[in-house]
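Could you put together the complete structure from these sequences and hints?
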Amino acid sequence: MAEFTNLLLGPLAHPFMVRGLLAALIVGIVCAILGTYVVLRGMAFLGDALSHTILPGVAIGYLLSGGAHGPLFWWGLATGVLTSIGIGAITLQGQVKEDTAIGVIFAGMFALGIALISTMRSYSVDLAHFLFGNVLAVAPSDLILTAAFGGLVLLLILVFYKEFLVISFDPILAATLRIPAKFFHYLLLVMLAVTIVISLQTVGVGLMVAMLVTPAATSFLLTHRLPAMMAVSTAIGGFSAVAGLYLSYYANIASGAAIVLVCTGLFILAFVFAPNKGALWRTLRQK
Amino acid sequence: MAAILGKRYVHDVQAPSISAKGVTVQYDGTRALDEVSFELERGERVAVVGPNGAGKSTLFKVIAGVLQPTHGQVTLFGVEPQKHICVGYVPQRSQVDMSFPVNVRDVVMMGRIGQLGVLRWPTRRDRQLVQESLELVAMADLASRQIGELSGGQQQRVFIARALAQGAEIMLMDEPLTGLDVKSQEDILHILDELHRRKVTVLVATHDLNQAAHCFDRVMLLNRRLIGLDYPDKVFTSVLLWQAYGEQLRLVETKGGMMVFSDTACSGDLE
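Order-wise, the sequence lines are chains D and A. If you're matching positions, the first sequence starts at 0 in numbering that gives the first Met the number 0 and goes up one per residue. If you're matching positions, the second sequence starts at 0 in numbering that gives the first Met the number 0 and goes up one per residue.
Just to be clear, a hint being listed does not mean it is correct.
[As the list claims (entries may be wrong)] As a list, the in silico DSSO-like pairs of lysine-lysine whose alpha-carbon atoms are at most 30 angstroms apart: (1) D:K181 x A:K198; (2) D:K96 x D:K181; (3) D:K161 x A:K233; (4) A:K233 x D:K181; (5) D:K161 x D:K181; (6) A:K20 x A:K198; (7) A:K182 x A:K82; (8) A:K233 x A:K182.
None of these hints come from the bench; they were simulated from the model.
Okay, structure coming up:
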């Protein structure tokens, strides 16, 4: 028992580990709750794309500040909000097919980001941090921003719970109830952009979509109502963040990857063993 | 911002429940609706029939205020549809994601959102209205079931209950009877009778001409243009049916009356 306690408490002797754990926990929870709407509304590709389009904004901030990390958050936030509104306008316009439009913007912006970062001397190290995150480099000021903006996203989800529910379940009902669906659509995109920016240091651009989709998708297999889906998703997201970080500490593997692997493992378990919706029971019932 | 705050309008009880004047909807060059004009009184039950692509769903969307007509206008109780939250739209089951994590009670509660407005949570009165609506469609026992676990007829009843909880005075039902067994169809037709008693104006899109003739006050025959709107025996004449369906129906006049065969084997759109 004492050994197990040591195993848990050992890493906490390092302040950077404590900050990293807190940041990962907040990110895991916010992504997991917002992720329920990403899963239910089929926005996985959009979320993936949005995280990539933030790269050039972060890169410009990085170049202008001469490599300082402080202003990156705000550059990322501005870019994220602008591109989310841009993508929202394209998807509501309907001239180009949605996934095509997203694909074009996403790859274009991502290329611009890589091009900008490649002008720097420390190219490969910096790029790796943006792509895959570096949760152990979270500064105290980063932690405060993460908590504040994460809290804001959660507050909005709570306050507009019934509006987001109805525009996601039945857009025609939302229209006949005169709920301004466009406004809430954009709001959700902006919330997605904010969530992506606060998660950038934890999992990076490349693995972002897993944090949004995997806990919520796992929870979808285990629950029947949205509040329960959000609660279970939160538990999975929070657990994966913490367990992943310990895994990364002891197995000496990249932190973002470790967190995502724990999420994925839980998803596979639920996919096979979930009561009712699990693959195992479905096959057993068919026989 | 007025829309967000849920501003509501008082109904002019003298005005027709639904009034359409020269409603035309144009989608990229093709006309989905062409100069459609009619008036419906409160509490009328109207079957809307016509071939595939006749514009039934388009008409419903215009009445619901979800789609703006290219020309002409619709008024509900004398006021444009966008100012009402009393239009209940009962969707086709295939248009709803039945795997969505909501139970029967959650779905019906969604009908209350328009009255509640933002930043307000359902009160005891809202929960009571939801319960009453569920009892009216005999779904109170299954209130805690996830909607995907229900049969087609039960799902349809839940969506009618939602429109009731919404306080709908006009209900638009897009093929509520399609694909249901006879018992489920009868259950829904009974609910339509109750709606009639409650003075709810009901428009039902259907493919079943027999049901349209027997279970509704009036029949609207639509094929982009309004071909007829009258009592069933006035509308179901060989001339009007031919105008609406053309080659898709075969009509045989016999001594006992008219026989109608629908040619479902090739029910493609004649566009």
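Hints, verified against the model:
In summary, the hint linking K181 of chain D to K198 of chain A is not supported, as the alpha carbons are separated by about 33 angstroms, beyond the 30 angstroms threshold. For the given pair, K96 of chain D sits about 18 angstroms from K181 of chain D by alpha-carbon distance, which is consistent with the 30 angstroms threshold. Restraint check for K161 of chain D and K233 of chain A: not satisfied, since their Cα atoms lie roughly 46 angstroms apart, outside the 30 angstroms limit. As the CA atoms of K233 of chain A and K181 of chain D are separated by approximately 44 angstroms, the hinted pair breaks the 30 angstroms bound.
Our distance criterion of 30 angstroms between C-alpha atoms is met by K161 of chain D and K181 of chain D, whose separation comes to about 15 angstroms. The hinted pair formed by K20 of chain A and K198 of chain A meets the criterion: a straight-line CA distance of about 23 angstroms does not exceed 30 angstroms. Distance hint between K182 of chain A and K82 of chain A is unfulfilled; the C-alpha atoms sit about 37 angstroms from each other, more than 30 angstroms. Restraint check for K233 of chain A and K182 of chain A: the C-alpha separation of about 29 angstroms stays at or below 30 angstroms, so the hint holds.
Checked against the numbered hints listed earlier, the structure breaks hints 1, 3, 4 and 7; every other hint is satisfied.
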